[in-house]
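Engineer: Generate the whole structure from the sequences, applying the supplied hints.
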Amino acid sequence: MYTQIYNLIFKRNSTFVATVFASTFLFQVGLDETVTSWYEARNKGKLWSDLKPKILAGFESEEDDE
Amino acid sequence: MFSQFGSALKHGARSFSTAAKSDVSSNTKKIVNAAVAATGLTAAFILYQDSQTAQAMTAAEHGLHPPEFNWSHNGMFDTFDHASIRRGFQVYREVCAACHSLDRIAWRNLVGVSHTNSEAKAMAEEFEYDDEPDDEGNPKKRPGKLADYIPGPYANEQAARAANQGALPPDLSLIVKARHGAADYIFALLTGYPDEPPAGVTLPVGANYNPYFPGGSIAMGRVLFDDLVEYEDGTPATTSQMAKDVSTFLNWTSEPEHDERKRLGAKALIVVTALYFVSVYVKKFKWTTIKHRKIVYHPPKK
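Protein sequences appear in the order of chains A and B.
Throughout the first sequence, residue numbering follows full-length UniProt numbering, covering 1 to 66 in sequence.
Throughout the second sequence, residue numbering follows full-length UniProt numbering, covering 1 to 302 in sequence.
I should point out that these hints are in silico values taken from the structure, not numbers from a laboratory.
Check the hints yourself; a few may be wrong.
[What the hints assert, rightly or not] Heads up, incomplete: computed chain A residues facing chain B, CB under 7 Å, no partners named:
1. 35
2. 39
3. 46
4. 48
5. 55
6. 59
[As the list claims (entries may be wrong)] In silico lysine-lysine, DSSO-like type, Cα no more than 27 Å apart, as pairs:
7. B:262 / A:52
8. A:54 / B:145
9. B:145 / A:52
10. B:121 / B:145
11. A:54 / A:44
12. A:11 / B:286
13. A:54 / B:121
14. B:121 / B:141
15. B:294 / B:284
16. A:11 / B:283
17. B:262 / B:177
All C-beta atoms, glycine included, are put in the ideal place defined by N, C-alpha and C.
Structural biologist: So, in structure tokens, the structure goes:
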């Protein structure tokens with residue numbers, strides 16, 4: 001197992017650097033997705049994405065509520 | 001080093017006390033005591049006299065400090081309330097824009113924040129902007145585009161002053177950043193007009209009293225009254241609701257990067273915290289040989 005990983009990734013500098021770049025890219029995407037979904041869940045109801053459907057519906061549903 | 005210093009002090013004190021016995025007479029002591037007393041009493045008298053009058057740099061001069069309000073965007077990771085920004089823009093358009101410009105906000109800035117693309121385009125087209133001259137060199141006008149900046153009510157500063165008895169309504173683009181108390185100040189100012197100025201306050205002609213405005217005398221009168229605008233989402237347009245919405249809107253115009261900044265701040269905190277612990281580990285790893293070595297001294301045998 002360890003030998004396999006060593007032979008595949010760490011043995012050659014080219015594969016090692018490629019692994020670093022690829023994992024950086026994936027980590028960045030993952031972190032961004034996680035933080036954004038948490039941030040939007042935390043601020044739910046205040047965001048533009050919550051406001052836009054109401055504008056497009058002409059605020060009809062909200063007036064019906066009141 | 002410190003022990004040396006301490007012994008020197010002790011030595012000095014001893015030599016001083018022995019010297020004092022012989023050299024300092026009781027008369028000298030009296031003179032020193034009298035001088036200390038005179039200095040202290042004079043200082044106290046001057047401070048007391050100074051406290052009897054307060055003209056400049058008083059609370060009235062600085063304006064009343066606004067209370068801190070519980071804005072929904074106050075927290076470290078809290079975004080603006082975009083529905084409030086939209087209502088605030090409506091208040092700006094219908095009330096504030098009569099006197100105040102908003103030079104640094106273009107129509108395109110509203111897209112995706114408070115208005116849809118087509119709404120912002122429609123609003124921009126209501127205004128005429130200078131176009132390139134035609135083939136004969138005559139100036140032309142064209143309807144506004146998304147890239148145009150929101151036009152102000154006056155052509156220039158002189159026109160603004162002439163229309164407002166010499167007072168210049170400030171541009172509101174960065175007003176929240178430009179005033180102490182930020183959005184709290186804007187809200188307190190808009191809702192803080194008393195019915196009557198307090199007794200003893202004399203105002204210049206055309207000025208109004210507002211305790212939150214530095215000096216108390218402000219050229220702008222109270223502008224927000226209940227039900228002045230009609231909100232499309234059915235929110236009751238009370239004075240404080242309109243003041244809250246327009247303060248939120250002006251906070252957005254000052255800090256349009258606000259929501260994205262806080263999101264990136266959360267990311268940065270996570271990454272930097274992780275890197276901190278990595279650096280702690282690396283330091284311990286690199287130092288471990290030095291920290292765990294043992295230096296042994298074998299004295300030479302005679």
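Engineer: Next step is simple, just say for each hint if it's right about the structure.
Structural biologist: The hints, checked one at a time:
1. 35: 5 Å, holds
2. 39: Since the shortest Cβ distance to chain B is 5 Å, the answer is holds.
3. 46: This interface hint holds because 4 Å falls under the 7 Å limit.
4. 48: 5 Å, holds
5. 55: 6 Å, holds
6. 59: 5 Å, holds
7. B:262 / A:52: 21 Å, holds
8. A:54 / B:145: 25 Å, holds
9. B:145 / A:52: 21 Å, holds
10. B:121 / B:145: Holds, at about 6 Å.
11. A:54 / A:44: 14 Å, holds
12. A:11 / B:286: Measuring from Cα to Cα gives roughly 23 Å; hence the hint holds.
13. A:54 / B:121: OK: residue 54 of chain A and residue 121 of chain B at ~19 Å, within 27 Å.
14. B:121 / B:141: Holds: residue 121 of chain B and residue 141 of chain B sit about 17 Å apart, inside 27 Å.
15. B:294 / B:284: 17 Å, holds
16. A:11 / B:283: The hint holds at about 26 Å.
17. B:262 / B:177: At roughly 17 Å apart (the allowed maximum being 27 Å), residue 177 of chain B and residue 262 of chain B satisfy the hint.
Of the hints listed earlier, there is not a single one the structure fails to meet.
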